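Sequence lines, in order, name chains L and C. All residue numbers for the first sequence refer to the numbering used here, where the first residue is 896 and numbers rise by one. All residue numbers for the second sequence refer to the numbering used here, where the first residue is 306 and numbers rise by one.
Hints are computed from structural coordinates only; laboratory data are not their basis. Here the structure is a predicted model, which means the values were calculated and not measured. Glycine residues also receive a C-beta, built at the ideal position from the N, C-alpha and C atoms. Heads up, a few of these hints could be off.
Which bits of chain L does chain C cover? Going by a derived footprint, with three or more residues having C-beta under 8 Å, they are [what the hints assert, rightly or not]: (1) 1136 to 1145; (2) 1173 to 1182; (3) 1313 to 1327; (4) 1768 to 1780; (5) 1844 to 1856; (6) 1867 to 1881.
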Amino acid sequence: MIAKGKNASELFPAVVKNVASKNIEIKKLVYVYLVRYAEEQQDLALLSISTFQRALKDPNQLIRASALRVLSSIRVPIIVPIMMLAIKEASADLSPYVRKNAAHAIQKLYSLDPEQKEMLIEVIEKLLKDKSTLVAGSVVMAFEEVCPDRIDLIHKNYRKLCNLLVDVEEWGQVVIIHMLTRYARTQFVSPWKEDDGLEDNEKNFYESDDEQKEKTDQRKKPYTMDPDHRLLIRNTKPLLQSRNAAVVMAVAQLYWHISPKSEVGIISKSLVRLLRSNREVQYIVLQNIATMSIQRKGMFEPYLKSFYVRSTDPTMIKTLKLEILTNLANEANISTLLREFQTYVKSQDKQFAAATIQTIGRCATNISEVTDTCLNGLVCLLSNRDEIVVAESVVVIKKLLQMQPAQHGEIIKHMAKLLDSITVPVARASILWLIGENCERVPKIAPDVLRKMAKSFTSEDDLVKLQILNLGAKLYLTNSRQTKLLTQYILNLGKYDQNYDIRDRTRFIRQLIVPNEKSGALSKYAKKIFLAQKPAPLLESPFKDRDHFQLGTLSHTLNTKANGYLELSNWPEVAPDPSVRNVEIIELAKEWTPAGKTKKDNAAKKFYSESEEEEDSSDSSSDSESESESASGEQDEEGGSSDDSSEDSSSEHRSDSESASEVGDKRTAKRNSKSNGKSDSEDGEKENEKSKTSDSFSADSGSEEESSSGSESESESEFESRKVAKEKEKNKTKQDRNPLTKDVSLLDLDDFNPVSTPVAFPTPALSPSLIADLEGLNLSTSSSVISVNTPVFVPVKTHVLLHRMSGRGLAAHYFFPRQPCIFGDKMVSIQITLNNTTDRKIENIHIGGKKLPMGMQMHVFNPIESLEPEGSITVSVGIDFCDSTQTASFQLCTKDDCFNVNIQPPVGELLLPVTMSEKDFKKEQGMLTGMNETSTVIIAAPQNFTPSVILQKVVNVANVGVVPSGQDNIHRFAAKTVHSGSLMLVTVELKEGSTAQLIINTERTVIGSVLLRELKPVLSQG
Amino acid sequence: MIHSLFLINSSGDIFLEKHWKSVVSRSVCDYFFEAQERATEAENVPPVIPTPHHYLLSVYRHKIFFVAVIQTEVPPLFVIEFLHRVVDTFQDYFGVCSEPVIKDNVVVVYEVLEEMLDNGFPLATESNILKELIKPPTILRTVVNTITGSTNVGDQLPTGQLSVVPWRRTGVKYTNNEAYFDVIEEIDAIIDKSGSTITAEIQGVIDACVKLTGMPDLTLSFMNPRLLDDVSFHPCVRFKRWESERILSFIPPDGNFRLLSYHVSAQNLVAIPVYVKHSISFRDSSSLGRFEITVGPKQTMGKTIEGVMVTSQMPKGVLNMSLAPSQGTHTFDPVTKMLSWDVGKINPQKLPSLKGTMSLQAGASKPDENPTINLQFKIQQLAISGLKVNRLDMYGEKYKPFKGIKYMTKAGKFQVRT
């Protein structure tokens, strides 16, 4: 009955009684009924509330969720407090599904009682912090509904949302992408400026900077796009491949509105794909393409033929396609298009044929080369049998002639003849106007036409009558001898017309042109008034004015502002502080950084270049992000116990120590680049140098703050970067040193920053999804060990394989994705990202000669045919390192060149994690004693020994799995080597004071000791 | 978001309504009827209709209008895509989606709609999950239900929604483990009067029917993945693997699903497997016109063309046609002026043809344009683009599944202008 729209409310009490029914189907139907009629029978509806309240406490998460759903759907104001309470409780529920429903309930409550807004915003804020992909979509929806202007709530969650986006369910993706588009428009500076010619200046200035940046992120432009902005653009790209048209459209509009102009092109292919879809989808997509194609013809030009009209398309699709074809028309393709249009004109769908004629007219005005051809074609159409077609042609011809009236007397004569046969008023009026306008060129015909019209004046349409009056007036002025009487006759007729517009016009004209004593100065100018040169009308697309609406929105489709439409703001002049997106902890740390010095340094840096600062902040923030995501709980607990400064220091330190291995690595990278810069012969010394720096570095940190271990690499590295910056400045001001050194320091800094900015790499985007997938598989060998629900930051460092300088524009980086290799189970899988930094294609990239040590094997990637300029591609290779850290050397070849490159695996990457029980672990350990055991003692501050810190440090260095441990003070990790599959057992046993014992048991003692050596500094250091 | 949904049949009756927020009176549909009247044909009803307080977004499928009522700004594609998903779900549940079927299963329909949207925001749209929540009706189950009093509503609540692979049910068991893939390609083409191709492109899909126990992880690789120019995936496909290795790696949903749809790049020349010879002429003076078409195979790679069907919308002036086919059957509807000719298989030795005369309205002038001919056909065991599946591997489970791959080429929007 509900479905039929009948009122079934009188049955209410009887139905509601069944709410406690055991039968689920009845229960559900009662829910439906309840939700439908509760508003009308509020008192009775209250009877059922207690049932729901009980269900909210049910141990089954799904029952809790559905109870909340129904409860919040009952639109009875009295229960608002109950709902509020339920939502608050549910938003803290352990199950993400319940939290998702809480987010839905927020909207319902808001629409029921907007006064709860403040409270609801609090809940939204809390839910926005949620890391579950289930919740993300719903909460952003609630955000959009309740408080779309509170953009400040997004800051802290921006990066998380970007990273989660791929894994959110499709409907959520649409909402999030729309929200992020608005966000990006308020928070980032426009990437479009590069088109304004600023580019050149900037390029020179930043040249050396530039190179480095391009090394790490090919697409980064010299104007330095905010890394967060880039993050968003990159993370949405895979979604263009979605099967859901709404998602594709959402991404398309995001690219259109916020990405640099050079990158928008990639969306066109996907949009064209949508055209295969249902008619309604086509309709919307075509509308959007129409708007886009006005501004950017080039985008859709390659797909011109996809817009050709089929006779089976519905009319609205046909007209839209026509619109796009017009927009795309240019000198090159106009001849093919015109041929195509000729077919359309003959179409049986006359409305469409008429639209085609207008289109031809527009093409003719836009492209001057074909104006004549079009005009001739249109004149041919005048002999068409169909009246609508003829009328439309006349109107279009009129517009065309107006632009270049001089040479077309013949056509005008022809049209004058047509006047006898055409009945459509608009066309008749157009002809009359045309004749009037050109009456001096056709002196013989014009009066004759007027005579005919005078005869039929009374039976004409109003529109035509007005034009007759006009024609009369014009002729009177130019050729009064022949037409004086006729005009007066017409004016008399007009005077007694039924339409007041016509009477009005008549009076006006009479006063103006017929000289009498009263007529003032105006009549002298009558000729000027009537025969003034009129500007030709512009034939414009109806989609011209639509671009101020956000693409893909309802408002855009309707071309009016829909309810609740949110304007897309213009780009800000200056980017708002990017640090707001950092997560709190780091902000504290930043304030804390070396007393007094910070400000000055910052200022100095700003003076030098903004990009650095941005990168710097992103650097710290990315660290903090990853850390806060996995260990924020830890953080709080820790913070409470220690005093302020140490809290800061510890938090800071932890954020860094988490990527501690990275620090070491960064250093290597730095060294590398340095030595690269200095001279290539220094390669051999690299090793030494590296160890030296790390030595001196630890000494440094020791001296700086001996008591607390909080000195640490982060501040240290920040220090150093600052030093470098200063040094640079010095260099710059003095300008006496050899420019090479300057380059080196520049190299240094930039190299350092991006490496520590995981955000700038494609890997984090991939890792959560991969992990999710792997988890779904329940693969025991899955790469990540950190618990399931937290989005894990897999500590991926990239290493430079081929520098763009030495690779003549081809740059290559590699990293270890820590996946089981698909090429062979004894191989370590390695992903190599190739970037083309040149401005031409690099062709045929392949791996040439391999120089591998004995026993090593390598599975190469398939040759890459070509790599577009600015393009990048990721390929994977597998190398069987035979469980040794020996270097694998091979040649990376392009069509023209060959480059020698080598990969040396960190020992931790030669492992695959395994899961085992504690008992098994002990058993295995028992078998691997004596020769097979190596151990060492570590000394470090107690805050380094919290479980999560140890976990993170170890996992960072080595690809190991966690073994659940019964004792708090012992942490166990297990892995097997990739090649031989022998076990590698790592134990960290915490002792009294600040010491710990690190034990490694393995058959492969060599690797074991290497791993021990690598783990020791990491664990002891900050 | 979506406030209400109205289902309207072709005669203009609202036969089902569902509200997710407060109730919207069905009188709002009057605006829709108005637009429908103006549009004359159902196809031409604009998908988005503004009314003073609401916006009506409609989808027309299976002769039913699905009209969604919304109140605030929302991406229109969002709603349209969702409505299509609703129709797909009905089709999945009941086999067909038609007015009588929906009326017969109104309870299930209601329950499904209730699950799909919460407060107007899509909740569960994966048919795998929905089927776990609400079991689709079968004859057997209806009988059992009436006897035992049990229901279609699943008694255990679904776990799929909570997992990281929401598209797959847990605990799937089959005795015969099988995975079938159909590679279906459609040719969209416009052929002009002289037989030359104006535009032609190939759109392909891979539909899968996977019935495998447990949580299998499949990889599917192609001999020539380079052919695929633009692809869109089912959410189960790991995008990164595709990006880096051009391999489809996925945990499949249970049952039927569309794994991937693709577009073959426009640079490749498309082989057109059929040609149509036509001579259609109207004479100005006489009331008779000549009509003759012949269909023949062109580039078929040695396969036979089956299921050929020719349709053409004749001009209004044509009163009747008297035609004689050399094979197959033909019909001409004098009201809609639709000519259709079911040809069947094409025998290359004896080409099928359709000849005859048209009687035209006396006195009417000859039509400007000859009618376009729409062509349908099928070619088994051939993917016209040359795409070939290399191999299918399964990881994660122990048993050996039975695998099968079928290729088919069909005509999509294949038009011949005459």
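Next on the checklist: Which constraints among the numbered hints does this structure fail? Numbers only, ascending.
Outcome noted: 3, 5, 6
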